[in-house]
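Please construct the entire structure, taking both the sequences and the accompanying hints into account.
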Amino acid sequence: MPENKWGMVIDLDKCTGCQSCVVACQSENNIPINTEDIFNQRRAIEWIRIERYWEGEFPNVRARYVPVLCQHCDEAPCEPVCPVLATYHNDQGLNVQVYNRCIGTRFCANNCPYTVRFFNFWEPEWPESFKNQLNPDVTVRSRGIMEKCTFCIQRIRRFSKNSESTERDLNPACTNACATDALVFGNLNDPESKISKVKSKGKKRSYKMLEELGTEPNVIYLKKVEKGTKQEHNVH
Amino acid sequence: MQEHHHRTDKQINTDLLSSIFSTPKWWPIATLACLIVYLTGMTAFAYMLNKGVGVTGLNRPVFWGFYMVNFVFWIGISHAGIMISAILRLTQAEWRRPITRAAEVLTVFSLIAALQAAPLVHVGRPWRADLWVFPYDFSRGIWINVKSPFIWDPSAVMTYLTASSLFVFVCLIPDLAIIRDRTKGIVSKIYGFLALGWRGTPVQWKLQIVAGILLSALVLPVFVSVHSIVSWDFAAQIGPEAWHSTIFAPYFIIGAIHSGVSAVATVMVVMVWLFKWDKYITPDHLDAIGRLLIIVATAWFFFFFLEWVYALYTLEGPELAMRELQVFKMPWSAMFIIFVITAYLFPVPMWLFKKVRRNFLWMFITTISVNIGMWLERFLIIVPGLMRKQPLMFNWGSYTPSIVEILMVAMTFAWVLMGMLLFARVFPLIPLFDIKEGMVGRDEIKIGRAKVPASIRE
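Keeping their order, the protein sequence lines are chains A and B. According to numbering that gives the first Met the number 0, the first sequence is numbered sequentially starting from 0. According to numbering that gives the first Met the number 0, the second sequence is numbered sequentially starting from 0.
Everything labelled a hint here was simulated from the structure, so no lab data went into it. A portion of the hints provided could be inaccurate.
To be verified - Restricting the straight-line Cα-Cα distance to at most 20 Å, the calculated cross-link-like pairs of lysine to aspartate or glutamate (DMTMM-like) are: (1) K50(B) / E124(A); (2) K354(B) / D277(B); (3) K146(B) / E74(A); (4) K196(A) / D12(A); (5) K146(B) / D73(A); (6) K202(A) / E215(A); (7) K435(B) / D180(B); (8) K50(B) / E122(A); (9) K222(A) / D12(A); (10) K50(B) / D36(A); (11) K146(B) / E78(A); (12) K278(B) / E436(B); (13) K4(A) / E215(A); (14) K275(B) / D433(B); (15) K200(A) / D12(A); (16) K4(A) / E166(A); (17) K275(B) / D8(B); (18) K202(A) / D12(A); (19) K160(A) / D90(A); (20) K278(B) / D8(B); (21) K207(A) / E315(B).
Next comes the structure, spelled out in structure tokens:
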């Protein structure tokens with residue numbers, strides 16, 4: 000068994016849909032600014048996004064929030080279809096995108112059931128004042144290639160090189176930014192890690208997104224607890 | 000039974016080489032018009048290379064659009080060649096003779112048109128796509144991913160293109176020699192070079208016939224494989240729920256034959272109109288291809304029906320959502336109605352009438368109609384499939400093609416037309432030797448006192 004198998008637990012009961020993970024990801028990973036124009040073209044790039052669903056009929060309408068990011072599937076559908084092997088699985092359980100190899104067939108994006116792969120339709124641009132703010136540890140992707148959530152692989156690397164680093168240094172930007180601790184990141188192979196504990200504690204509520212497709216995602220969702228159900232008393 | 004126009008070899012030569020030795024008035028105008036459309040499309044392509052795929056209407060989740068539709072469409076048309084020249088040749092259908100070459104040439108040009116709409120053209124970084132088709136990075140141990148349908152796909156298409164180009168060439172050799180003998184100077188030298196020293200000796204004829212039969216037999220597996228593999232670009236994916244279907248390969252193949260044979264019928268009519276070859280392509284030929292089309296179209300319609308049954312039987316959310324979009328939401332519903340009518344409900348009942356099958360204008364209208372429908376069919380599979388990919392409704396999308404995509408689609412049509420027009424000026428579009436062979440086959444020979452046909456066919 001490999002030493003590390005990175006994964007994430009997303010507790011939907013804690014998520015408020017505040018979008019701070021989206022903003023944090025945007026600045027950590029040098030994601031080009033999603034202007035109104037780009038949104039209207041339906042080409043916005045958000046490595047993590049909050050999907051909002053409405054439930055019920057007026058006036059009893061409830062908003063449901065689901066943060067969706069690359070699920071780092073063990074059986075990732077995006078990997079076999081790439082003709083140039085630009086995306087592959089590394090031994091740490093991560094689904095990795097090699098920007099240099101990518102030629103932009105967009106086959107992987109079509110085959111991703113979660114639609115979490117993004118294509119750079121345009122050359123990324125930042126205002127002059129933003130240029131010094133770019134993260135030097137992350138490649139700026141040119142136009143014509145695919146990109147997606149990396150679980151902040153640059154942070155994982157830095158963590159493994161520095162013996163004094165803490166859990167906060169390991170966590171991806173979205174996890175650190177989450178105000179309610181809805182996102183938990185860590186090593187699924189380490190029974191002592193926080194993620195393993197959260198995972199076993201929420202076992203009854205846990206599910207994986209579109210599990211029936213057999214993609215074996217490494218992101219685990221914990222179901223929202225409904226008001227007035229038995230579960231309500233057991234969770235907190 | 001077919002009418003028999005008995006013509007001498009000399010007459011056949013003069014009639015069928017007329018397109019080469021004289022330039023009709025419309026020819027330069029038509030070719031120039033095609034060239035202008037083609038160059039406009041090429042300019043659009045250059046613009047896309049310069050600015051990036053952003054200039055198309057593609058978005059998330061509709062990452063493939065017009066280009067992919069057009070690619071599948073032209074691969075479909077290219078199935079005409081194999082159907083007509085290989086299958087009808089092997090089954091010895093006599094009526095194929097005057098149309099084999101036009102069908103094969105149509106195959107070659109539509110395959111090249113497909114390459115101009117191929118994924119290779121609309122990738123994000125085409126200048127690096129050589130890595131994919133011509134992997135050179137051996138030294139770093141980077142090989143192509145043979146698991147990807149995008150590797151199978153160029154292999155299949157290139158095999159088909161090689162085989163059908165060879166086929167066209169092998170069948171051209173005797174005719175090239177005739178042109179060589181009728182021209183002078185440098186032109187004669189060029190035709191002579193291409194004719195590979197053809198003298199019409201029995202050994203040469205034997206070799207040419209064996210090569211033709213071998214090629215048509217060897218090309219048969221390609222007949223099944225090309226469009227199956229193209230369909231696996233879609234069917235091998237689990238992402239878009241509506242594409243993940245085992246029926247795709249046979250469904251695509253039969254659809255390809257439907258559109259391909261219709262395109263050949265269109266070409267036949269146009270050849271008669273433009274070059275006045277009405278003594279070689281007669282209503283009998285149209286009648287035969289019309290009857291073939293009824294069978295092919297109905298087989299296709301059966302698969303179309305089956306695909307719907309399989310889709311609805313699963314009762315899967317995204318599949319139903321995609322079907323709902325196709326049939327009930329404008330503008331998709333309008334396209335769907337046009338598609339069903341033009342691809343089947345209009346032409347097939349028409350072909351049931353002998354008068355329609357034997358009428359050039361009606362055959363032109365009905366076969367063009369089929370191809371309008373078949374283009375829409377591919378569009379309605381590819382785009383709505385991506386728009387309603389999975390149950391995550393938040394990501395459901397839409398797609399409107401941009402002017403660049405439309406110009407590049409027009410470009411491929413102009414390319415095929417221009418290619419056929421240019422070919423007709425340089426090489427005979429109706430195989431002379433094949434027609435003569437047919438005449439010999441129909442001759443009567445004397446056995447004792449009785450006169451019997453030289454061969455019994457048809």
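Query raised in the report: Is the hinted pair K4(A) and E215(A) satisfied, with a Cα-Cα distance of at most 20 Å?
Result: Holds, at about 13 Å.
**Report entry** Distance restraint between K50(B) and D36(A), which requires alpha-carbon spacing of 20 Å or less
**Finding:** 16 Å, holds
Query raised in the report: Given the hint that K146(B) pairs with E78(A), does the C-alpha gap stay at or below 20 Å?
Result: 9 Å, holds
Query raised in the report: If you draw a straight line from the CA of K146(B) to the CA of D73(A), is it 20 Å or shorter?
Result: Holds: K146(B) and D73(A) sit about 17 Å apart, inside 20 Å.
Query raised in the report: Does K275(B) pair with D433(B) here, judged by a C-alpha cut-off of 20 Å?
Result: Holds, because 19 Å separates the two Cα atoms, which is no more than 20 Å.
Query raised in the report: Is K354(B) within 20 Å of D277(B), Cα to Cα?
Result: Roughly 17 Å separates the two Cα atoms, so the pair holds.
Requested in this report: Take the C-alpha atoms of K202(A) and D12(A), compute the straight-line distance between them, and say whether it is at most 20 Å.
Outcome: The hint holds at about 14 Å.
Requested in this report: Measure nothing beyond the straight line between the CA atoms of K275(B) and D8(B); if it is 20 Å or shorter, mark the hint as holding.
Outcome: Holds, at roughly 18 Å.
Query raised in the report: Given the hinted pair K50(B) and E124(A), is their alpha-carbon gap at most 20 Å?
Result: Holds: K50(B) and E124(A) sit about 14 Å apart, inside 20 Å.
Query raised in the report: If you draw a straight line from the CA of K202(A) to the CA of E215(A), is it 20 Å or shorter?
Result: With a Cα-Cα distance of about 16 Å, the restraint between K202(A) and E215(A) holds, given a limit of 20 Å.
Query raised in the report: Does the alpha-carbon distance linking K50(B) and E122(A) stay inside the 20 Å limit?
Result: 9 Å, holds
Query - 20 Å limit on alpha-carbon distance, applied to hinted pair K196(A) and D12(A) - result: 17 Å, holds
Checked against the numbered hints listed earlier, the structure breaks none of them; every hint is satisfied.
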